Amino acid sequence: MKHTVVYGANATPLERNACEDLKADLERVVGVPVALHEESAGNRDEGAVYLVGTPASCGWVSMLADRGEIEISRDMPGSQGGIMKRIERPGLGPLVVLAGSDAKGAQNVVYDFSRDVLGVDPYQYFTDYSPALRPEFLPKTLDRTVAPPKVPILCYFDNDDDELANMTQPYLQFDKATWKGVLDTLARTRYNAIDLHDHLGRSEFFLWEDYIKLRPDYHTDLELLDWVIDYAHSKGIMVQIPMYLAWEFKHITEEEGVCWSKYKHRWIETWQYYMKDSPIGKADLFLDRPRSQIWDCQYKSACGEDTGAVMTEAFTALRDVVLEHNPRATLLCDLYAHGQDLWTSGAFRPPKDYILLWPNNGWGLFKPFPKDKRGYRFGTYMHAGFWLNHVVQDPYPRRIEQSMKELLLTHEAAEYCLVNGQTFRHFILNLEAYSRATYAPESFDGDAFFRQWAARYFGDAAAPHVVRAFDLLHEVSGEGYVRLIHEVVAAEKACLAKEVPADLAALEKSVKDTEARLETLRAALQEAEQADQAAKDQAHFCHDHVVLPIRVFAETVALHLELQKALLAWGRDTSTENANAHLREAARILRAHLKTREDGDKNPMWKTWYDPKKRRPNGGFPDLGKLEAARF
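Numbering (this note's numbering), first residue to last: -14 to 617.
Do not rely on the hints blindly, as some may be mistaken.
Claimed, not checked - The calculated DSBU-like cross-link candidates involving lysine-lysine, where the alpha carbons are at most 30 Å apart (straight line), are:
| id | residue 1 | residue 2 |
| --- | --- | --- |
| 1 | K135 | K125 |
| 2 | K352 | K267 |
| 3 | K478 | K580 |
| 4 | K8 | K521 |
| 5 | K521 | K125 |
| 6 | K599 | K611 |
| 7 | K352 | K337 |
| 8 | K599 | K478 |
Hints in this document: simulated from the structure, not taken from any laboratory. What you are looking at is a predicted structure, and each value in this text was computed from that prediction instead of being measured.
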């Protein structure tokens, strides 16, 4: 049967873009070319027709609504919502109406149809999944309302993305193909905004020695950013800019950053430059934190200022700069870390133009919400991944359910949600959980979602093993892989320096805790390997997404354990034989671990993901040569 996608005579660029994606998705499923054209008088296309539009952009959609064949208007179901319905056309073929209350709603309906009816994985860039080929495909009975989301702005925070950015060169930035993969995925998963953070040129990239070694010539690629902003807009994704004053292409000095009263003119000049003389002036959302504008830490004045007063003044000045250039801009104040107490105490009162973001603690939990909002609108800042569990995810969809229901339903902090995705790829479980929880928090069931997610990717037989493996991983994630690697490096340095442990009893307890952690991780790895054997996956996804990260974590814990045992033996034994035996075992484990990282993912696209030479440098990394040579 012939398949045709039809758009309205007044279709917006976003609707046209969604139709192009629908055409491509259909062709992957039916295996033959799919026609695409504007609506015409009579609308007599034979075969299956997929009508995309809104009452305002498409006469055919408007006519069907006027006749009562579909229920769609600007207010029904509302902005970002829509309907999908099959209507019979005797003698011609079925009509599948994919209509929105607005253009964004039409896009959402198209992508929901592709996911739920065509079987197209919205995370296909990262999973490498393809839909089943169904040459005889015809949509069956279809009558569904796609409600507007509870949270109107769901923003992906591109932060700490080193492993993904370093899959291509130059390092520390995405190439256009990666950007398209990320932005296309966000559009399909209801993330309708992105914060460009790292790609603006964070301070570490051009000031930290490890980053300078990785890319000595680092500069913000403003031409690429200009393209990224335009491409994001073409996909219906708003662009958010963190208005810190430390980006490589234009920044204030450290001296200027610690005395607002003396250097406020430099702060304001820099913000004006961002808005008027750089591509980021084309953005839609503008965020800042009442913290240092140079580093991710508390603002500490060098000239005796009160932090709350400084930040209240600075946020007022920032508002004026942004709104002068873009009166329709959305302003956001992230109360991350010290900002919560600063606002709660009453010391900091930004203008009420700002939406205030109540942040979590990095692991999906948050401090008690303020009893009095004082007239402010509130949103949330959440983490699918945190800088401390940057390399290996902490999977917690049940926690996401609990936190989001409380924040969005009980406290009505539903104006906006910012989700930190770290490297994106290994955090898609939590990213999708946040997407679904912010869309319909009242009906989101974290446990059911977890099981359905595992079955969708790995099949019914493997799904229980995946859930158990991830539950065990969550149980012992603690503060995450980055914290663990920091502890490994510290233990290695102590061994190399032949430090006598100051508190042997505390170290012995730590050894027992590490042994228990390793035992749990080995149980998780066993579940993951059973899942891999039973999985009906594609592109080695179960190995790469479930088995390999848990193995990386388990091997690193095993290394930590041997280093701890070496120090314990060194502190207790009169002979060095036992301590040195543990050092030799630690070196063996590290060699095996480096081989695990070198072997990497089975999917060639991600083969070099774990290469230590281009990892994110925070936390450090153990030195095999030094460890092999070490002796007590």
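Taking the hints in turn, this is what the structure says about them:
1. K135 <-> K125: Judged against 30 Å, a Cα distance of about 29 Å means the pair holds.
2. K352 <-> K267: Roughly 35 Å separates the two Cα atoms, so the pair is violated.
3. K478 <-> K580: Within the cut-off at roughly 22 Å; holds.
4. K8 <-> K521: holds (27 Å)
5. K521 <-> K125: holds (26 Å)
6. K599 <-> K611: Holds, at about 20 Å.
7. K352 <-> K337: holds (22 Å)
8. K599 <-> K478: Judged against 30 Å, a Cα distance of about 22 Å means the pair holds.
In summary, the structure is inconsistent with hint 2 from the numbered list given earlier, while agreeing with all the others.
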